[in-house]
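Those protein sequence lines, which keep their order, are chains A and B.
First residue of the first sequence: 1, per full-length UniProt numbering; consecutive thereafter.
First residue of the second sequence: 1, per full-length UniProt numbering; consecutive thereafter.
Worth flagging that the hints you see were computed from the coordinates, not collected in a lab.
Treat the hints with care, as some may be off.
Claimed, not checked - Between beta-carbon pairs, the in silico distance windows are: (1) Met1(A) with Pro27(B): 31 to 41 Å; (2) Thr130(B) with Phe32(A): 43 to 53 Å; (3) Lys145(B) with Lys130(A): 34 to 44 Å; (4) Phe137(B) with Lys130(A): 44 to 54 Å; (5) Arg40(A) with Ile64(B): 49 to 59 Å; (6) Asp106(B) with Lys137(A): 16 to 26 Å; (7) Tyr52(B) with Ile5(A): 50 to 60 Å; (8) Ile5(A) with Arg95(B): 44 to 54 Å; (9) Ile5(A) with Asn69(B): 42 to 52 Å; (10) Ser23(B) with Ser34(A): 18 to 28 Å; (11) Ile143(B) with Asp37(A): 50 to 60 Å; (12) Asn104(B) with Arg40(A): 25 to 35 Å; (13) Ile5(A) with Arg43(B): 34 to 44 Å.
Where a beta carbon is used, it is the ideal one built from N, C-alpha and C, also for glycine.
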Amino acid sequence: MIFKIGRSKSPWIFHLNTGSCNGCDIEIVALFASRYDVERLGCKLVGSPKHADICLVTGPVTARSKEPLLKIYDMLPNPKVIVCVGACSISSGVFTDGYSIVGPAHKLIPVTAYVGGCSAHPKNIFLGLKKAIEVFKEGR
Amino acid sequence: MLPLIRILIENIFKPPITEDISSVNLPKHPKGFHGHPEHDPTRCIACGICQYFCPAKVIKISQIDDKINYHMDLDQCTCCGQCIDYCPTNAIKHRPNPYFVTTNLDDFKVDHQINLIKCAKCGAFIPDMTLIANKLFGEGKPIPKHLSLCPKCKRKP
Ligand code: SF4
Ligand code: SF4
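So that you can see chain B by itself, here it is in the shape it has in the complex:
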């Protein structure tokens, strides 16, 4: 009986056997890990390819006056990377810190505004094709005239 009481009293003053949760560091994410996508509105040309390929219908692109509203519901995203693979201007990348962990659902919503330029002939709003032109014809080369026209003006002779 006596040794038992001794052990019990000792245990009260011993530090816990477990490690502290708030100070522990778990192993890092592996390299090239598929995390949530991160959209860069300055590179995006609002082509809609990512919206077409997304299997979870995360991405919604709509036009509001002279701007494109690029909306992502990342709470539905399956982190498949299709949007990243198919984006022609590399506007989407995997996040450096892969996933969201929050207490607020609104953190998953991403809303970006993409600026539009005016058609050279009629003044309708069209996306800026400079990045695509640079990719096709090389950096610093002049941008062909048909890329600065809206679809209607392109068809006219």
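Isolated chain A (complex conformation):
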């Protein structure tokens, strides 16, 4: 009960790059910077998946980053909430059928919310986070 309230009020966020071009990563950092500033809402970027409530995945999942992705997915505490950010992580985007691509992420792990765009706008990433927070409120 306390966990549920705490998570829906101040979700901690882990950011995972699975081979993206850094565009979406910069937008995620912009979300935490002064203009959009979600730290005032209690969201916090953390360095370890074991501390995180929400995992933001960017990138089309290259063959090299498949194993880290699955490992980090195991490390996340329950309920595991994944938000795919950007066209690449939703469908591999322009890298579809590339020789080094094993993704997209929803083929490998269950995904809660999708944020479209290339690269995704910070405001839309925030809307995606909101959808993820609804999952905590419902208590999946």
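Following the hints, put chain B with the ligands in place on chain A, whose structure we already have.
Just chain B with the ligands now, kept in the frame of chain A:
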């Protein structure tokens, strides 16, 4: 020790220092922002120029009997705006609310049916060229005969 206990008890009854996530409003998208494209099937003439210029192979146009099926996989779209720039009839526009945010992947799929008209001579199905004719010759002017013929009939004398 006592002040510490006082602060702890005070903190239990204080409201949180953070703002509420569900009621907060973030700054708006800037004007002229490149969002996902939005296709208008009533203006489209199924010329295929957008399919040719799209770098991400988002757009797939195919003919099913008397209709054209216009399919978009917007989950792959890079929002570059090439289709918008090159469309001759301005059938594609940027979305007013730029990007999709969903929990369901099917929301990214767009399927539109474009109606075709019959060739004046042989009755084969061809796209309606009225919008192009209006653009070339001005609104309300008569549409030239060759625009209402299928490619085969055009070549015949
Ligand atoms: S370029 Fe415009 S008119 Fe031509 S097929 Fe695409 S949307 Fe339709
Ligand atoms: S915006 Fe670019 S990627 Fe998206 S459909 Fe148009 S041409 Fe293709």
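Hint check:
Met1(A) and Pro27(B) have their C-beta atoms about 35 Å apart, which keeps the hinted 31 to 41 Å range intact. Distance hint for Thr130(B) and Phe32(A): a CB-CB separation of about 51 Å, consistent with the stated range 43 to 53 Å. For the pair Lys145(B) and Lys130(A), the supplied restraint of 34 to 44 Å is violated, since their beta-carbon distance comes to about 57 Å. At roughly 51 Å, the beta carbons of Phe137(B) and Lys130(A) sit within the given window of 44 to 54 Å.
Checked against the given bound of 49 to 59 Å, the beta carbons of Arg40(A) and Ile64(B), roughly 52 Å apart, stay inside it. The given range of 16 to 26 Å is respected by Asp106(B) and Lys137(A), whose C-beta atoms sit roughly 24 Å from each other. Between Tyr52(B) and Ile5(A) the beta carbons are some 53 Å apart, a value that agrees with the proposed interval 50 to 60 Å. A beta carbon spacing of about 35 Å between Ile5(A) and Arg95(B) contradicts the range 44 to 54 Å that was offered as a hint.
The hinted window of 42 to 52 Å between Ile5(A) and Asn69(B) holds, with their beta carbons roughly 48 Å apart. Checked against the hint of 18 to 28 Å, the pair Ser23(B) and Ser34(A) passes, with Cβ atoms roughly 20 Å apart. For Ile143(B) paired with Asp37(A), a C-beta distance near 57 Å keeps the hint of 50 to 60 Å intact. Checking the proposed 25 to 35 Å range against Asn104(B) and Arg40(A) shows it holds: the Cβ atoms sit about 30 Å from each other.
Between Ile5(A) and Arg43(B) the C-beta distance comes to about 50 Å, which lies outside the given range of 34 to 44 Å.
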